[in-house]
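> Here's the letter readout for the chains.
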Amino acid sequence: MKDDLEEALNILNSALIKQRWPLSEAKLKPLIDLRDELLHSDQSMRHEAIMRIQADSRSPFAGEKLEAEELASLSPTPPPNAEFLFHLFLPPQNCDALVGDLEERYKLIRKKFGRRHANFWYWTQTALSLRPIIWAWAKKVSMKPVVAAVGWAVTKRLIGHDGWFATVVELLKRVRQ
Amino acid sequence: MARGDHLGEFEQLILAALMMLGSGENAYGMTIHEQVEKLATGIRPVSLGACYTTLDRLEQKGYVRSWFGGATEERGGRSKRFFEITGAGQRTLKNSMRLAGNMLAGLREIGGMA
Chain A
0 MKDDLEEALN ILNSALIKQR WPLSEAKLKP LIDLRDELLH SDQSMRHEAI
50 MRIQADSRSP FAGEKLEAEE LASLSPTPPP NAEFLFHLFL PPQNCDALVG
100 DLEERYKLIR KKFGRRHANF WYWTQTALSL RPIIWAWAKK VSMKPVVAAV
150 GWAVTKRLIG HDGWFATVVE LLKRVRQ
Chain B
0 MARGDHLGEF EQLILAALMM LGSGENAYGM TIHEQVEKLA TGIRPVSLGA
50 CYTTLDRLEQ KGYVRSWFGG ATEERGGRSK RFFEITGAGQ RTLKNSMRLA
100 GNMLAGLREI GGMA
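From first to last, the protein sequence lines stand for chains A and B. Using numbering that gives the first Met the number 0, you'd call the opening residue of the first sequence number 0 and step up by one each time. Using numbering that gives the first Met the number 0, you'd call the opening residue of the second sequence number 0 and step up by one each time.
Careful, some of the hints might be misleading.
[Said to hold, decoys possible] Covered stretches of chain B, going by a simulated chain A footprint (3 or more residues, C-beta under 8 Å):
1. 23-32
2. 40-50
3. 77-90
Derived by calculation from the structure, the hints in this document are not laboratory data. The structure displayed is predicted, hence computed values, not measured ones. Even glycine gets a Cβ: it sits at the ideal position worked out from N, Cα and C.
Please model the entire structure based on the sequences and the hints provided.
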């Protein structure tokens, strides 16, 4: 719980509210709620969460007109476009593990060096990682037609027909026997 | 060493990193990547994607096994994939190291690796 509070303070106190409000214990709860909502919601839900927090009289944001986009952009999640690229070439479980690893390091870098550095690191890692992943994917994909072609050639030779239709019919006959 | 037990340079690095990290839940993508980066410092760049594709290949060869852990918040609700070197992996790595040791000794004899 203490870590949560510290994280909320670090993220929100330094970056989000730009040290405009001194924070007391009583004001921490809405901050944690906001942080959680920012972490676990999509763009429209973020906007709603921010509006709700702003309307809350206990909140340090009460009465302040903060840009929803600015707040949403402070959510410590990596760029989703980069993540999408991994989804194209990896099976879902592998992709989750890899993206989770990147996200874990991304958050550490962001905490230490800020959003810009973290985003740069994330995109660099994505670019470097995609090359071997695409290569492995291409090898896997290109092997399938090769195996199919070899299988087809062997079948045709075994059965002794030139036409594909005759080969299939003959193959089915033999399977049924 | 049986035919087909040959390990590539990067496969050796990954298996060495796994041995260093030990068994249990210490070895997952990020820690393996960090360990391999340390081992390859100044020699070659290492990406996380390369680690994963090599780990997949090693798993197919039976040198590594993997399993998925629970989802955690700091990973955005994504689960970790843990890895462990198998007995066959350890044997193959030791053989590769012995081979490298022999080469090094041979080169030292002729003064090629001062």
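> Hints first: check each against the structure and report whether it holds.
Hint check:
no.: 1; hint: 23-32; result: holds (count 4)
no.: 2; hint: 40-50; result: holds (count 5)
no.: 3; hint: 77-90; result: holds (count 4)
In summary, the structure agrees with every hint in the numbered list given earlier.
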